[in-house]
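In order, the protein sequence lines correspond to chains A and B.
Numbering-wise (the working numbering), the first sequence opens with residue 1 and increments by one.
Numbering-wise (the working numbering), the second sequence opens with residue 129 and increments by one.
Treat each hint with caution, since some may be false.
Sample of chain A residues at the chain B side, in silico, Cβ under 7 Å [as the list claims (entries may be wrong)]:
#	residue
1	Gly50
2	Ala54
3	Arg123
These aren't lab readings, by the way, just hints derived from the structure by calculation.
From the three backbone atoms N, C-alpha and C, an ideal C-beta is built for every residue, glycine too.
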Amino acid sequence: MNAKFRSPLHQAKGWGSAKSGTGHFWWQRVTAVILALLVPYIVFLLASIGGADADSLRATIAKPWNAIIFTVFAIALFWHAKLGLQVVIEDYIHDRAMHLALRILLILGSLVGLLSAIYAIARIAMTA
Amino acid sequence: MAHHDKRPLSPFMLGQTYRLQITSTMSLLHRATGVLLAFAAFGFSWWIMSIALGGGYAECATAVTSSVLGKIALFLISLALMYHLFNGIRHLAWDAGFGFRIPQVYASGYTVLALTVVSTLILWFVAMSGGAA
């Protein structure tokens, strides 16, 4: 039978669900709430010490609560950014090869950005 | 992803068949600032890694953030961040089911714009007076 006589519902039936459900929506909101709570603190902390030398920057970041807050911030930041950029790619990149390449690049890039931030925070916390 | 017909898709509707207004402009800005901030996140990683490594790396990072070009970039990032923060809270309120009446949507929109400007100015007042910048 010609595909154009089939309803969109019929074409979708039998393929099963994508298995992720509302996960994307939910984690985008959870990370948004975490960031909304942490961004004011981080931003005003950085604004008040931004012009300081590297040693006093390290001393501030190395404080236990700051090191933990920065780590949680970095996780929520890259997770939220990954989810957001994924939607942008899904919306605008329709070429399948380019779409898949960008989706994989996004995952790898987010991991590199996040892990390097966590490594740096840990290094500051342990050495400052 | 597959295209079965030649209907115009969202970004190409703007300007031709769809008139931009404060609601759609702010929605567009939320996405645009989000993309900018996602790239800025990598700048944060680079900055904190440079501070962690110390020595020449830290000097380089401090030179960048205290340069005129660096300050302009930081100002634009902070403006985008404040906008995305307040408009994000507006989105969370919508997700919770609040503020859907059109006058409310406009009022919250203008509130977000005002808070963006005010908070960015306060932030830079703190940076310029409190810090050694």
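Unsatisfied constraints (hint numbers, rising):
Of the numbered hints given earlier, the structure breaks none, since each of them holds.
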